[in-house]
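Asks: As you go down the protein sequences, you meet chains E and X in turn.
Positions 1 to 536 (the working numbering) are the ones given, in order, by the first sequence.
Positions 1 to 64 (the working numbering) are the ones given, in order, by the second sequence.
The set of hints was computed from the structure by calculation and includes no laboratory data.
Cβ coordinates follow ideal geometry from the N, Cα and C atoms, glycine included.
Be aware that one or more of the hints could be misleading.
Stated by the list, open to error - Derived contacts from chain E toward chain X, CB cut-off under 7 Å, selection only:
#	residue
1	375
2	376
3	377
4	391
5	393
6	396
7	397
8	472
Stated by the list, open to error - Here are the computed lysine to any residue pairs in the SDA-like style, where the Cα-Cα straight-line distance is at most 25 Å:
#	chain 1	residue 1	chain 2	residue 2
9	X	2	E	86
10	E	373	X	18
11	X	37	E	378
12	E	373	X	14
13	E	373	X	17
14	E	94	X	6
15	E	373	X	32
16	X	37	E	393
17	X	37	E	382
18	E	94	X	13
19	E	361	X	37
20	X	2	E	490
21	X	37	E	374
22	E	361	X	22
23	X	37	E	368
24	E	94	X	32
25	E	94	X	15
26	E	361	X	24
27	E	94	X	9
28	E	361	X	62
29	E	373	X	2
30	X	37	E	375
31	X	2	E	391
32	E	94	X	53
33	E	373	X	36
34	E	86	E	266
35	E	373	X	31
36	X	2	E	390
37	E	361	E	93
38	E	373	X	6
39	E	94	X	62
40	E	94	X	31
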Amino acid sequence: MSYAYPTYGYRRPPELDGAVRHCSVIVVGAGPVGLTAAIDLAQRGIPVLVLDDDDTVSVGSRAICYSKRTLEILDRLGCGEPIAAKGVSWNVGKVYQGEALAYRFDLLPESGHHRPAFVNLQQYHFEECLVARAQALPSLELRWRHKVTGVAQDDARVTVTVSTADGDYTLTCDWLVACDGARSPVRHMLGLDFEGRVFRDRFLIADIRMTSDFPAERRFWFDPPFHPNQSVLLHRQADDVWRVDFQLGWDADPELERQPERIVPRLRAMLGPDARFTLEWSSVYTFQCRRMQKFRHGRLFFAGDSAHLVSPFGARGANSGIQDADNLVWKLDLVQRGLAPSALLDTYDSERVAAADENLKNSTRSTDFITPKSAVSRTFRDAVLALARRHAFARRLVNSGRLSVPAVLTGSPLNTPDGDAFDGAMVPGAVAADAPVDGPRGRWLLEHLGGEFALLVFGHTPPAAVALADAPIPCRIVQIGGRGGLADVEGLVAARYDGRDGTSYLVRPDQHVCARWRSLDPARVRAALARATAQP
Amino acid sequence: MKLLTSPNLAEPDDFYEALIEMHRDLSDAQSALVNAKLILLLANHVGDPDVLRAAMAAAREDVA
Chain E
1 MSYAYPTYGY RRPPELDGAV RHCSVIVVGA GPVGLTAAID LAQRGIPVLV LDDDDTVSVG
61 SRAICYSKRT LEILDRLGCG EPIAAKGVSW NVGKVYQGEA LAYRFDLLPE SGHHRPAFVN
121 LQQYHFEECL VARAQALPSL ELRWRHKVTG VAQDDARVTV TVSTADGDYT LTCDWLVACD
181 GARSPVRHML GLDFEGRVFR DRFLIADIRM TSDFPAERRF WFDPPFHPNQ SVLLHRQADD
241 VWRVDFQLGW DADPELERQP ERIVPRLRAM LGPDARFTLE WSSVYTFQCR RMQKFRHGRL
301 FFAGDSAHLV SPFGARGANS GIQDADNLVW KLDLVQRGLA PSALLDTYDS ERVAAADENL
361 KNSTRSTDFI TPKSAVSRTF RDAVLALARR HAFARRLVNS GRLSVPAVLT GSPLNTPDGD
421 AFDGAMVPGA VAADAPVDGP RGRWLLEHLG GEFALLVFGH TPPAAVALAD APIPCRIVQI
481 GGRGGLADVE GLVAARYDGR DGTSYLVRPD QHVCARWRSL DPARVRAALA RATAQP
Chain X
1 MKLLTSPNLA EPDDFYEALI EMHRDLSDAQ SALVNAKLIL LLANHVGDPD VLRAAMAAAR
61 EDVA
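All chains should be modelled from the sequences, with the hints used to inform the complete structure.
Replies: Spelled out as structure tokens, the structure:
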């Protein structure tokens, strides 16, 4: 293994020597989702304690595809640049049937976005970047080798029992965010549901180190000659590490398939007799699609794999978990500061359950295409692939994974329904699209929208609207064009938002659009703000 | 009229899911019957003999 795992030191907690500690927020689990939530909370000034039962990063590469939206969220958290720089960016995917190219796709056909559609990066690198950022935040405390062994709540607080090498201790907190993964000990301790199903198929992941001139693109084979009747996926990661994912079928023996003497010949058949590679890490896995009925239970929240599990085709696991954190934290911040009622937190549940269902639907469809459940399903799959070589319509039906895009929160009660007519994709509930601009906070629109409520105004800001910036829940005014506004350098802000003089958009702290108008009326903006923060 | 082979399904994934779902719990023989009925229904809907012949030729292509 070429990666040197960091060891984060265990420290004896003062609570074992009589100290009593009440926290605003405890996050359980220092994986991608827990760290995202903790960094965001700390940046907003909410003290946060993170408990993790291990003392290093993810073992093995695990989640490797991080989406544009994840990078945009991490930009706001100060981690986007190192992760984008270290990762391998890619936009092109190729799908083969047998040896023939069935079709090719480009995930980001338009220019004018700061971040690419995806970067591939081993989860351990991803976590290491987030830990470095977390360690730099004074109101964030990380406790390694502190295992949560008990959770109880009443109307006033959550009580957490923590086990360490030196003994057990107790903490209390106002809110607890369980980001403790698919097997979530917190979920088990509370006896909560996790309904769904296991897919009857097995897959082998092999991470290899190889110097190769293969381009950085996603390649997916149905029924290739080197692995007949099954699928194979190839992705490039950082440090000349490549991910190969072989479908094995349900009857494969996981113990046997884990042996290098079985894995290396499979790789050799794929890469050719002359390829030089070393095996870095491997795993044989099955996958499940599950979700909890509710992601909020009183003062407890479940985020990421603890709340929902999808198949890996589509990169919808870690990416959706990071969006869970992004959705939850600004709401917790407002409630914790007394600026919004606790009812706002119920919308974490409704919005992210809807997003999880979309991810489950898409990943289940991909799985059904990749692993047909019946002879007729297999026949249709092969017919689609055969037609795709010649006919464009069939390429749209090929499903080797519909890659993660952020959910559009169309049904959210926080949205103000449109009263005016608009073209384009920026409907209430959509993530605000990025576009190049020129202004004091940077060259990209999303840097200017930031992490508070923002009012995107085209042309000119009426004097009556300026006071919105000083309200108890401040609303940053981001003016496009006009005197003192950001320059819409390529005209893409106007194009993507169907913006003309007077058009204004209210954008939430998680950068989802929640209201828009053709003319700016501060009273309507205040009403939309009240609605977006669940004010009675 | 010419056989349309450019994308024309508004929601391709919804269509494909419904197509597979149509066969749920059927035997292979039942599935073959259902597929044949589906083709006949769609052929009647299309009507145009030139389009139907072009579709048959495209379907037969690359198959021994």
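Asks: Run every hint past the structure and note whether it holds.
Replies: Hint check:
A hinted interface residue such as residue 375/E counts as satisfied when its beta carbon comes closer than 7 Å to some beta carbon of chain X; here the least separation is about 5 Å, so the hint holds. Look at residue 376/E: its Cβ gets to within about 4 Å of chain X, closer than 7 Å, so that hint holds up. With a cut of 7 Å, the hint placing residue 377/E at the interface with chain X holds, because the nearest CB-to-CB distance is about 5 Å. The interface hint given for residue 391/E holds, since its Cβ lies 4 Å from the closest Cβ of chain X, which is under the 7 Å cut-off.
Taking 7 Å as the C-beta cut-off, the interface hint given for residue 393/E holds, the closest approach to chain X being about 5 Å. Hint on residue 396/E holds. Least Cβ distance to chain X is approximately 4 Å, under the 7 Å limit. Because the beta carbon of residue 397/E sits about 5 Å from the nearest beta carbon in chain X, less than 7 Å, this interface hint is met. A hinted interface residue such as residue 472/E counts as satisfied when its beta carbon comes closer than 7 Å to some beta carbon of chain X; here the least separation is about 43 Å, so the hint is violated.
Proximity of residue 2/X to residue 86/E is assessed by CA-CA distance (about 50 Å); at most 25 Å being required, the pair is judged violated. With a C-alpha separation of about 14 Å, the suggested pairing of residue 373/E with residue 18/X holds against the 25 Å cut-off. With a C-alpha separation of about 19 Å, the suggested pairing of residue 37/X with residue 378/E holds against the 25 Å cut-off. For the hint pairing residue 373/E with residue 14/X, the CA-to-CA distance comes to about 17 Å; that is within 25 Å, so the pair holds.
With a CA separation close to 12 Å, the supplied pair residue 373/E and residue 17/X stays within the 25 Å bound. Proximity of residue 94/E to residue 6/X is assessed by CA-CA distance (about 19 Å); at most 25 Å being required, the pair is judged to hold. For the hint pairing residue 373/E with residue 32/X, the CA-to-CA distance comes to about 16 Å; that is within 25 Å, so the pair holds. For the hint linking residue 37/X to residue 393/E, the alpha-carbon distance of about 22 Å falls within 25 Å, and the restraint holds.
For a cut-off of 25 Å, the pair hint linking residue 37/X to residue 382/E stands: about 20 Å separates their Cα positions. Distance hint between residue 94/E and residue 13/X is fulfilled; the C-alpha atoms sit about 19 Å from each other, no more than 25 Å. For the suggested pair residue 361/E and residue 37/X, the alpha carbons sit about 28 Å apart, so the restraint of at most 25 Å is broken. For the suggested pair residue 2/X and residue 490/E, the alpha carbons sit about 40 Å apart, so the restraint of at most 25 Å is broken.
For the given pair, residue 37/X sits about 19 Å from residue 374/E by alpha-carbon distance, which is consistent with the 25 Å threshold. Distance check on the hinted pair: residue 361/E and residue 22/X sit about 17 Å apart at the alpha-carbon level, within 25 Å; holds. Under the criterion of a C-alpha separation no larger than 25 Å, the hint pairing residue 37/X with residue 368/E is consistent with the structure, at around 24 Å. A threshold of 25 Å between alpha carbons decides the hint, and for residue 94/E with residue 32/X the separation of about 31 Å lies outside it, so the pair is violated.
With a CA separation close to 23 Å, the supplied pair residue 94/E and residue 15/X stays within the 25 Å bound. Using a Cα cut-off of 25 Å, the hinted pair residue 361/E and residue 24/X holds, with the two alpha carbons roughly 17 Å apart. A hinted pair counts as satisfied when its Cα atoms are at most 25 Å apart, and residue 94/E with residue 9/X qualifies at roughly 22 Å. Distance restraint check for residue 361/E and residue 62/X: the Cα-Cα separation of roughly 33 Å exceeds the 25 Å cut-off, and the hinted pair is therefore not satisfied.
Restraint check for residue 373/E and residue 2/X: not satisfied, since their Cα atoms lie roughly 35 Å apart, outside the 25 Å limit. A hinted pair counts as satisfied when its Cα atoms are at most 25 Å apart, and residue 37/X with residue 375/E qualifies at roughly 18 Å. A hinted pair counts as satisfied when its Cα atoms are at most 25 Å apart, and residue 2/X with residue 391/E qualifies at roughly 14 Å. This hinted pair does not check out: residue 94/E and residue 53/X have alpha carbons roughly 32 Å apart, beyond 25 Å.
With a CA separation close to 20 Å, the supplied pair residue 373/E and residue 36/X stays within the 25 Å bound. A hinted pair counts as satisfied when its Cα atoms are at most 25 Å apart, and residue 86/E with residue 266/E does not qualify at roughly 29 Å. A distance of roughly 13 Å separates the Cα atoms of residue 373/E and residue 31/X; the hinted pair therefore holds under the 25 Å criterion. The hinted pair formed by residue 2/X and residue 390/E meets the criterion: a straight-line CA distance of about 16 Å does not exceed 25 Å.
For the hint pairing residue 361/E with residue 93/E, the CA-to-CA distance comes to about 21 Å; that is within 25 Å, so the pair holds. The suggested pairing of residue 373/E with residue 6/X is violated, with an alpha-carbon distance near 28 Å, which exceeds 25 Å. Between the alpha carbons of residue 94/E and residue 62/X the distance comes to roughly 21 Å, so the proposed pair stays at or under 25 Å and holds. Using a Cα cut-off of 25 Å, the hinted pair residue 94/E and residue 31/X is violated, with the two alpha carbons roughly 31 Å apart.
Against the hints set out earlier in the document, violations occur for numbers 8, 9, 19, 20, 24, 28, 29, 32, 34, 38, 40.
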